[in-house]
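Now for the letters of each chain:
Protein chains: 2
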Amino acid sequence: MNILFTFEPKPTIQQGLQEQNPQHDFVFQKGQKPTTSTDVWVTYGEDVKESDLDEKHNLKWISVASAGIEKMPLEKLSEKGIVVTNARGIHKTPMAESILGHILALYRNLPAIYQLTVEKEWRRPKGSRELKGSKAVIIGPGAIGEEVARLLSAFGVTVVGCNRSGREVDSAHKTVPFQNLVEELEDADIVLSLLPSTADTKHALTKSHFKAMKANPIFMNFGRGDVADEAVLVEALENGWIRHAVLDVFEIEPLPKESPLWSQDNVTISPHVSSHSDYYVERALEIFSRNLIKWEQGESDLENQVDLKLGY
Amino acid sequence: MNILFTFEPKPTIQQGLQEQNPQHDFVFQKGQKPTTSTDVWVTYGEDVKESDLDEKHNLKWISVASAGIEKMPLEKLSEKGIVVTNARGIHKTPMAESILGHILALYRNLPAIYQLTVEKEWRRPKGSRELKGSKAVIIGPGAIGEEVARLLSAFGVTVVGCNRSGREVDSAHKTVPFQNLVEELEDADIVLSLLPSTADTKHALTKSHFKAMKANPIFMNFGRGDVADEAVLVEALENGWIRHAVLDVFEIEPLPKESPLWSQDNVTISPHVSSHSDYYVERALEIFSRNLIKWEQGESDLENQVDLKLGY
Chain A
23 MNILFTFEPK
33 PTIQQGLQEQ
43 NPQHDFVFQK
53 GQKPTTSTDV
63 WVTYGEDVKE
73 SDLDEKHNLK
83 WISVASAGIE
93 KMPLEKLSEK
103 GIVVTNARGI
113 HKTPMAESIL
123 GHILALYRNL
133 PAIYQLTVEK
143 EWRRPKGSRE
153 LKGSKAVIIG
163 PGAIGEEVAR
173 LLSAFGVTVV
183 GCNRSGREVD
193 SAHKTVPFQN
203 LVEELEDADI
213 VLSLLPSTAD
223 TKHALTKSHF
233 KAMKANPIFM
243 NFGRGDVADE
253 AVLVEALENG
263 WIRHAVLDVF
273 EIEPLPKESP
283 LWSQDNVTIS
293 PHVSSHSDYY
303 VERALEIFSR
313 NLIKWEQGES
323 DLENQVDLKL
333 GY
Chain B
23 MNILFTFEPK
33 PTIQQGLQEQ
43 NPQHDFVFQK
53 GQKPTTSTDV
63 WVTYGEDVKE
73 SDLDEKHNLK
83 WISVASAGIE
93 KMPLEKLSEK
103 GIVVTNARGI
113 HKTPMAESIL
123 GHILALYRNL
133 PAIYQLTVEK
143 EWRRPKGSRE
153 LKGSKAVIIG
163 PGAIGEEVAR
173 LLSAFGVTVV
183 GCNRSGREVD
193 SAHKTVPFQN
203 LVEELEDADI
213 VLSLLPSTAD
223 TKHALTKSHF
233 KAMKANPIFM
243 NFGRGDVADE
253 AVLVEALENG
263 WIRHAVLDVF
273 EIEPLPKESP
283 LWSQDNVTIS
293 PHVSSHSDYY
303 VERALEIFSR
313 NLIKWEQGES
323 DLENQVDLKL
333 GY
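Taken in sequence, the protein lines are chains A and B.
Per my numbering, the very first residue in the first sequence carries number 23; after that it's consecutive.
Per my numbering, the very first residue in the second sequence carries number 23; after that it's consecutive.
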């Protein structure tokens with residue numbers, strides 16, 4: 023088979039793939055487009071355009087080395103019968119560590135401690151709190167949310183999961199369907215969205231959700247930026263409905279210079295880096311390699327196959 | 023009995039103590055000294071002077087609402103047969119949360135993210151690492167160290183405890199005696215001292231310990247500041263033997279303006295705040311109240327009784 027990578031892993035990784043799969047032809051070329059002879063396309067996803075999927079292709083499978091596929095032409099892919107797999111799950115460890123780091127840092131006053139260190143000033147900042155005994159609501163918990171729930175539980179946090187189905191989330195105290203979210207938000211100390219971007223999740227968190235947050239929680243968005251309208255977020259911050267927002271994702275990325283989020287005191291702008299890891303590419307390609315064996319053997323149960331109708 | 027508090031808890035707490043113990047007389051007065059009729063002294067410890075312990079006293083028990091007692095006249099207390107209890111263990115939750123927060127923040131690049139937020143700049147800082155799979159050495163693990171070990175284990179960190187006896191530490195992968203510390207430091211990614219200040223621990227971490235740290239670890243001191251000479255610490259930082267130091271305690275506190283630690287880039291100065299908590303006084307007084315019942319009943323197994331010879 024002809025396998026096209028439109029990103030360029032380290033030379034040792036390229037070599038490893040070729041040595042383990044001598045029966046296939048690999049091309050590693052950023053900016054390349056699939057040709058009529060390309061069988062498999064391995065990509066970060068953002069370079070897949072509708073115009074790339076025309077009739078003359080042989081293309082049957084696109085392996086995406088990222089989790090979010092909302093920028094891909096899903097309808098056209100579905101129409102063409104092209105199988106899409108992604109790398110969901112590999113972000114679990116670095117993202118959960120980032121999320122726990124942000125929570126603990128805010129509870130234990132680390133931003134103030136860093137600032138006082140820079141100012142060379144010995145002063146004990148007020149407002150350190152204990153995480154233990156608090157309540158977190160995780161909206162849209164998949165692999166990442168379950169890992170966050172497991173770790174928060176170790177800290178003595180009560181975790182409530184919220185998903186469409188109400189399907190029980192591992193390590194969560196309980197799981198509620200989306201229509202019961204508002205009542206769980208009332209006494210939440212931490213609200214974390216991990217929702218992907220789909221037609222159903224766009225602006226799914228409304229002003230009424232934020233107004234319901236009576237315990238002045240930390241709001242964290244580590245899913246996709248369009249789950250809440252930026253104007254609603256700013257209103258929640260300005261009215262003190264939320265204590266602090268930690269945002270890893272935004273409606274427009276990079277966040278435009280003129281966004282009012284930059285000028286809020288109580289916002290942490292994490293520039294979509296929470297999944298960063300030294301092991302990222304290796305892990306994504308482990309999934310690809312396992313799927314390549316299945317694909318060759320004609321198996322249909324590929325790992326992480328995307329439901330193109332649902333968008334995740 | 024006459025019970026003197028030389029710190030002043032919230033009025034509601036004072037009232038609660040008096041209501042629960044109507045048979046005793048309480049005085050709450052900062053700066054006060056025990057009189058000849060004082061039976062029990064409740065203090066943060068720093069105001070207990072050798073001259074306070076003269077012949078004419080009735081004083082039999084000092085209940086210290088803190089963990090460190092190194093500033094108290096231990097020999098004189100021992101000589102006078104005065105029982106000392108402290109509040110060790112109540113720092114467990116807030117300190118472990120602070121320690122985990124500092125570790126995760128450094129691994130996940132949060133100081134850079136905070137700085138970029140302040141500068142209103144969208145840039146992805148390099149150097150995020152994963153905590154999972156790393157190795158931590160905890161020197162002097164008591165209740166706090168065991169809690170840190172438990173939490174680090176949940177993150178997939180291999181924890182090695184190090185104490186005088188080699189007594190097995192809960193949640194640690196293994197525990198080694200102090201004479202085997204150097205070899206464990208060689209591949210440590212995190213080195214955490216929780217040692218108290220005693221004659222044995224003063225400057226117990228020497229230049230040879232820091233030079234042995236080949237994996238360029240984060241060094242954290244949350245025990246007492248005199249475990250390492252400040253000059254040795256600065257040398258370790260300047261030579262890159264350690265990647266970063268997070269210091270909650272110092273040989274002299276407040277850390278003097280002229281200390282070279284202030285001018286190191288890779289130091290976090292946490293001004294002895296890691297144990298801060300809204301629940302601090304309540305928890306210390308819960309121990310005191312339990313001990314007061316035992317004391318009245320003439321029981322000898324008081325909770326958290328200090329060994330005045332060992333100093334902890």
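Hints were generated in silico from the structure; no laboratory data involved.
Please note: incorrect hints may appear among the correct ones.
Since copy identity is lost for identical chains, a pair holds within one copy or between any two.
Straight-line Cα separation of at most 30 angstroms, DSS-like style, residue types lysine-lysine; simulated pairs [stated by the list, open to error]: (1) Lys-55 <-> Lys-142; (2) Lys-196 <-> Lys-224; (3) Lys-55 <-> Lys-196; (4) Lys-142 <-> Lys-114.
Exercise. Which of the numbered hints are not met once you compare them with the structure shown?
Worked result: Hint check: 1, 3 fail, others pass.
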